[in-house]
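J.: Going down the list, the sequences are from chains A and B. full-length UniProt numbering puts the first residue of the first sequence at 1, with every later residue one more than the last. full-length UniProt numbering puts the first residue of the second sequence at 1, with every later residue one more than the last.
Do not take every clue at face value.
[Said to hold, decoys possible] Once the Cα atoms are required to be at most 27 Å apart in a straight line, the calculated DSS-like pairs of lysine-lysine come out as: (1) B:LYS397 / A:LYS304; (2) A:LYS305 / B:LYS234; (3) B:LYS163 / B:LYS56.
[Said to hold, decoys possible] Computed beta-carbon distance windows for the label pairs: (4) A:GLU434 / B:VAL26: 15 to 25 Å; (5) A:VAL53 / B:PRO419: 18 to 28 Å; (6) B:SER226 / A:ARG202: 52 to 62 Å; (7) A:GLU192 / B:GLY22: 21 to 31 Å; (8) A:ARG202 / B:ILE196: 30 to 40 Å; (9) B:PRO419 / A:THR309: 25 to 35 Å; (10) B:LYS3 / A:LYS160: 51 to 61 Å; (11) B:LEU55 / A:ASN232: 41 to 51 Å; (12) B:GLU47 / A:ARG202: 38 to 48 Å; (13) A:SER291 / B:ASN191: 22 to 32 Å; (14) B:GLU286 / A:ALA44: 19 to 29 Å; (15) A:LYS160 / B:LYS324: 20 to 30 Å.
For the record, the hints were derived by calculation from the structure and aren't laboratory data. Ideal Cβ placement from N, Cα and C applies to all residues, glycine included.
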Amino acid sequence: MKPEKKLIFELSKPGRVAYSLPECDVPQVSLNDVIPESMQRSKAAELPEVYEVDVIRHYTELSRLNFGIDNGFYPLGSCTMKYNPKINEDTARFPGFAKIHPHQPEESIQGALELLYTLQNDLAVLTGMDQVTLQPAAGAHGEWTGLMMIRAYHENRGEKRSKVIVPDSSHGTNPASATTAGYETITIKSDERGMVDLDALRDAVGDDTAALMLTNPNTLGLFEQEIVEIANIVHEAGGLLYYDGANSNAIMGITRPGDMGFDVVHLNLHKTMSTPHGGGGPGAGPVGVKSKLVPFLPKPIVNKKEDGTFYWDYDRPQSIGRVKAYYGNFGILVRAYTYMRTYGPDGLKRVSEVAVINANYMMHRLAPFYEVAYPGVCKHEFVLSGRKLKQYGVRTLDVAKRLLDFGYHPPTIYFPLNVEECIMIEPTETESKETLDGFIDIMIQIAKEAEENPEIVINAPYDTVVKRLDETTAARKPVLNCTCE
Amino acid sequence: MKKHRYIPMTEQDQSDMLATIGADSVEELFSDIPESIQYNGTMPMSEALSEPELLKHMSELAERNAHFEQNPCFLGAGIYDHHIPVVINHMISRSEFYTAYTPYQPEISQGELQAIFEFQSYICELTDMKVANASMYDGATALAEAAALASGATRRKRIIVSKAVHPEAREILQTTAHGLGLEIVEVGFSNGVTNIDELKSSINEDTAAVLIQSPNFFGCIEDVRSIEPLVHEKKALLALSVNPLSLGLLESPGKLGADIVVGDAQPLGIPAALGGPTCGFFAVTEKLMRRIPGRVVGQTTDTDGKRGFVLTLQAREQHIRREKATSNICSNQALLALCASIYMSTMGKVGMQEVAQLNLNKSHYAAKQFSESGKLAFNAPFFNEFVVKLPEGTDVKTVNSKLIEKGYIGGFDLGYSYPELKGHMLLAVTERRTKDEIDGFIHELEEII
Chain A
1 MKPEKKLIFE LSKPGRVAYS LPECDVPQVS LNDVIPESMQ RSKAAELPEV YEVDVIRHYT
61 ELSRLNFGID NGFYPLGSCT MKYNPKINED TARFPGFAKI HPHQPEESIQ GALELLYTLQ
121 NDLAVLTGMD QVTLQPAAGA HGEWTGLMMI RAYHENRGEK RSKVIVPDSS HGTNPASATT
181 AGYETITIKS DERGMVDLDA LRDAVGDDTA ALMLTNPNTL GLFEQEIVEI ANIVHEAGGL
241 LYYDGANSNA IMGITRPGDM GFDVVHLNLH KTMSTPHGGG GPGAGPVGVK SKLVPFLPKP
301 IVNKKEDGTF YWDYDRPQSI GRVKAYYGNF GILVRAYTYM RTYGPDGLKR VSEVAVINAN
361 YMMHRLAPFY EVAYPGVCKH EFVLSGRKLK QYGVRTLDVA KRLLDFGYHP PTIYFPLNVE
421 ECIMIEPTET ESKETLDGFI DIMIQIAKEA EENPEIVINA PYDTVVKRLD ETTAARKPVL
481 NCTCE
Chain B
1 MKKHRYIPMT EQDQSDMLAT IGADSVEELF SDIPESIQYN GTMPMSEALS EPELLKHMSE
61 LAERNAHFEQ NPCFLGAGIY DHHIPVVINH MISRSEFYTA YTPYQPEISQ GELQAIFEFQ
121 SYICELTDMK VANASMYDGA TALAEAAALA SGATRRKRII VSKAVHPEAR EILQTTAHGL
181 GLEIVEVGFS NGVTNIDELK SSINEDTAAV LIQSPNFFGC IEDVRSIEPL VHEKKALLAL
241 SVNPLSLGLL ESPGKLGADI VVGDAQPLGI PAALGGPTCG FFAVTEKLMR RIPGRVVGQT
301 TDTDGKRGFV LTLQAREQHI RREKATSNIC SNQALLALCA SIYMSTMGKV GMQEVAQLNL
361 NKSHYAAKQF SESGKLAFNA PFFNEFVVKL PEGTDVKTVN SKLIEKGYIG GFDLGYSYPE
421 LKGHMLLAVT ERRTKDEIDG FIHELEEII
């Protein structure tokens with residue numbers, strides 16, 4: 001067994017330093033002369049005292065206990081774990097992008113403003129929308145921003161609408177964002193094909209419907225074929241359609257939310273546009289809207305003057321206001337722009353085609369061994385059910401843990417909530433047939449292990465730095481930091 | 001078929017795979033999309049560029065921005081030009097960190113989980129609070145989340161916020177309040193700090209929270225010791241927004257009686273990058289632990305009894321609680337939290353005090369010169385930012401345009417957010433500014449006005 005990894009605090013030895021600061025070239029200020037004692041720190045923060053090699057070895061070792069896309073296949077459904085191109089990392093670090101201030105004079109950041117303006121326009125074209133804000137920092141933040149615009153739209157028309165409808169297969173952020181925007185959530189069941197049940201939708205809509213939030217293709221990887229009718233039902237009731245763009249990697253250049261009838265769209269640039277997830281963030285969740293919602297966009301947006309210069313447009317009296325300090329996660333927007341220019345419109349279409357071929361290929365090869373929740377053609381992802389393995393005492397969680405021993409990141413499990421023992425697989429376009437075949441073979445082997453020797457699967461993983469962790473105690477008796485009194 | 005360096009599918013692969021699927025063409029896989037909504041033709045957007053062309057294009061865009069290396073920056077207002085230790089970029093460039101998703105599978109995510117646990121520990125140590133989360137989008141949205149938490153915890157709707165809080169944070173608070181049905185009451189300032197008499201008369205039994213920033217937007221340090229009893233007397237919560245770098249010298253919010261502490265970790269080793277991505281932090285008392293928004297990592301043991309880390313207290317979160325979650329936040333700013341952790345590891349106990357003292361020295365050196373010419377607007381104690389009052393009728397925007405021509409990034413135009421402070425400029429002087437740069441800047445500024 002490998003020894004426990006020490007915390008950085010446990011490496012501390014008074015007298016060591018890892019920093020280098022210049023000698024002070026102006027007169028030293030006595031703290032007591034400028035700040036009353038009652039405002040001065042009474043006890044120094046006990047931060048570790050280490051030298052530079054400690055810092056490097058500590059974080060290098062931590063990185064080695066982590067698994068990213070560069071380590072191997074990461075078929076985490078609904079997360080679009082595609083390759084994160086290196087050029088994106090380089091361009092975002094150019095001093096002209098990384099070392100600029102949001103409140104610099106506009107004339108001194110024309111390159112940055114042009115990039116944002118072009119990205120706004122390109123994303124509007126991609127989604128079939130009329131205008132885009134780049135402010136939201138993540139998908140959920142985009143959802144809330146979009147719902148606040150929907151709210152402003154209805155209020156501006158003098159209508160009080162209190163309910164947002166979501167399917168039972170929706171992301172948890174959808175209802176959570178609805179609550180944050182002051183809406184009540186109505187959850188409707190999916191039909192036997194895994195799609196929005198039109199009758200249930202008809203029953204749910206009314207003059208209190210503010211919006212329907214939908215992911216299309218949905219979280220089962222299925223395209224909502226009745227989308228035009230769905231849009232009609234919602235619009236006829238006076239509601240608007242919100243598109244959760246988590247699954248946009250399936251449709252770029254093939255169909256657009258704006259053409260499907262959606263009024264508001266968010267995209268997760270950290271999914272579709274290859275920006276890295278960073279171990280949980282940062283992301284970026286731009287929101288596009290149809291013209292009737294443009295007046296309500298958060299301010300500012302970037303605009304272009306007749307003389308060709310770019311500026312922050314704050315003159316938006318009906319705006320919902322600001323949703324993020326400054327102008328969004330600019331560093332992520334630079335990466336996304338770099339990515340989109342790598343492919344151009346035809347390349348982005350090819351991305352979606354290959355993502356969909358890969359997913360269908362995997363689904364067909366795995367179908368004899370795991371139950372496909374909703375057979376037929378899938379889009380960029382598909383959902384299996386591990387319920388057949390329950391008879392051997394093996395659950396989906398065990399399959400996921402067994403995959404760790406073979407060097408794979410497991411798929412998303414137990415989501416969406418409407419499929420029993422759910423396994424949700426999204427290969428993305430950046431994986432080769434050989435990689436997919438390797439993973440499929442291991443999935444088949446695990447299914448056989450479950451039948452013949454279930455203990456192997458139930459006790460997995462074996463080759464990881466820690467074994468299964470006690471999550472119950474962690475939540476019941478939380479130890480959330482190592483500060484000692 | 002055009003080949004692409006990120007896509008491995010060959011023509012042979014494609015035909016083999018379609019055969020396995022049982023499809024005759026790629027189009028067949030999209031036949032479930034009604035024809036009426038299929039997109040025909042090529043989308044009218046920016047064209048593809050090869051790698052060398054793209055690098056050149058991006059360089060050209062970047063070169064049209066005046067950056068800190070060539071233009072000494074005296075602009076702060078929430079985003080600062082501090083020294084970033086070189087080790088940070090090397091460590092966050094380890095792709096095991098930056099290409100990983102949220103650590104849902106703890107057995108292969110111990111690195112990220114431990115890094116977050118250490119970040120939470122750093123924030124608790126720095127703020128003297130009991131519980132910190134894994135990060136928020138930024139300091140400004142964290143403040144709005146603090147208002148939401150306070151409203152939930154107290155079952156009250158009235159939020160009092162000082163006008164000396166960052167104007168953009170207050171704008172976000174207004175947007176958030178509209179969604180949650182909160183009432184926002186703004187309290188004015190005098191001599192650069194929150195007007196305590198006005199604050200006292202605004203706090204009542206319906207008040208959920210009082211939001212104070214210190215050092216505040218004008219750089220002035222608030223008298224939190226006088227504010228705290230007024231808040232708690234009415235059983236409201238005190239939410240403090242702080243500059244983490246200032247905590248090397250200034251009293252910790254925990255010791256000052258804060259219930260919720262937020263802020264932006266940008267000063268801790270995070271590039272300015274036009275204001276994002278940065279990293280919000282969020283810390284609370286033990287009592288509020290189960291109401292904190294966002295991800296939280298906890299320590300536990302594995303089946304062999306070995307120490308390990310997991311995402312915990314998930315019953316608060318959107319993927320479990322859906323519409324009843326404490327917040328809708330999902331993605332956070334984990335990689336920037338890692339920057340902040342590496343910064344604090346590098347600076348350590350002594351370095352955090354030393355860098356804060358350097359900021360104090362430099363800003364007071366600069367402020368003294370404005371004070372001597374009668375331009376220092378407020379006389380409240382300050383850390384590394386202060387306000388200067390330019391001669392009557394001076395247009396700050398024009399001054400800043402002239403300064404950038406001379407190679408200096410000038411201060412924030414306060415008249416933009418505070419009509420009563422027209423002609424006032426907020427200046428930040430960090431440890432990166434040399435005596436020569438400060439003297440040169442003041443000389444140019446005096447010439448212009």
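J.: Quick check: which numbered hints come out false for this structure?
T.: Structure breaks hints 2, 3, 5, 8, 13.
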